[in-house]
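Sequences are here, hints too, so could you generate the full structure?
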Amino acid sequence: MGLFERYLTLWVALCIVVGTSLGHFLPNAFAALGGMEVAKVNLPVAALIWLMIIPMLLKVDFGAMREVGRHWRGIGVTLFVNWAVKPFSMALLGWFFLRHVFADWLPADQIDSYMAGLILLAAAPCTAMVFVWSNLCRGDANFTLSQVALNDAIMVVAFAPLVALLLGLSSITVPWDTLALSVGLYILLPVAVAIVLRRWLLVRGGEARLERVLARLGPVSLVALLATLVLLFGFQGRQIVEQPLIIAILAVPILIQVYFNSGLAYLLNRRLGVAHCVAGPSALIGASNFFELAVATAVALFGVHSGAALATVVGVLIEVPVMLSVVRIVNGTRPWYERQVKAS
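Numbering (the working numbering), first residue to last: 8 to 351.
Derived from the structure by calculation, the hints contain no laboratory data.
As the structure is a computational prediction, the values presented were derived from the model and not from experiment.
Built from N, CA and C at the ideal position, the CB exists for glycine as well.
Keep in mind that the hints are not guaranteed to be accurate.
Here are the simulated distance ranges between beta carbons [unchecked claim]:
1) 191 <-> 168: 20 to 26 angstroms
2) 262 <-> 156: 25 to 31 angstroms
3) 339 <-> 172: 36 to 42 angstroms
Structure representation (structure tokens):
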């Protein structure tokens, strides 16, 4: 384990502090970076995500994708948690904390909007960052790719009616340009690049050359992850300083739903005897949020300065550090998990 991996928690904490400070003291610079968007997809963040996921996709043996069906139990668990549990658990947690526990500390006219933002955040699973989480917990890369592709296909059909049901709206304006661009930018293009590059490396130098390239790219992925943190917290530095209480309150149901849904997926996989290399990414995909789509939908439905938009932004802020903590739990409980699987 290298220096970055060993002290990843420390690096994450430093990046949060640095990003928040820079965003507060250099708001114009981060406003310029934040304005580099196409269909609500931030291009600097997209470039960093590419640096993170291309090395992960190079590990995928695309010729073995047909064998991923043997992980049907892990796929079933992930789909169940993503689509039948997560959106509804977030709605319940939001109702409990925002309407009851913390209602006196929130502006009454914004509570409905905050609730809407939380629901939008939980209504679609993450597309890009799960490749990073899967890699950090030594997950099966083929399973991760197939699960993400399946979730994306379901998302096109299920996102709008699911959000309409939970928000009680008769018609939902889905930002299809954001959805299409995100799928193309974070799945289709990186997969195409990885297929071509992997094939070229194997032809030129075999598995040995591929492994050498992956070893060199490993630190690049981690540096890109930390740079992404600095950018995300920098974009919201002023809001964090000016509205710390509201942001902390909105973070509570988000945190609980991440740990609840990842724990549920992890335990269900263990109960079903699923291999740890599948259960890890299953738990992480089950708890993840497609924050680009959530932010874009919140802005389209409620406006850029709405409580819904702020709630989705809080999800963006805590996504990376919280998912890294889930990775840590998944890795730390591997011996406990595998004892049950071997016994069954």
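For each hint, the structure was consulted:
1. 191 <-> 168: 20 to 26 angstroms: Taking Cβ atoms as reference, residue 191 and residue 168 lie about 23 angstroms apart, which means the hint holds.
2. 262 <-> 156: 25 to 31 angstroms: With Cβ atoms ~28 angstroms apart, the hint holds.
3. 339 <-> 172: 36 to 42 angstroms: 37 angstroms, holds
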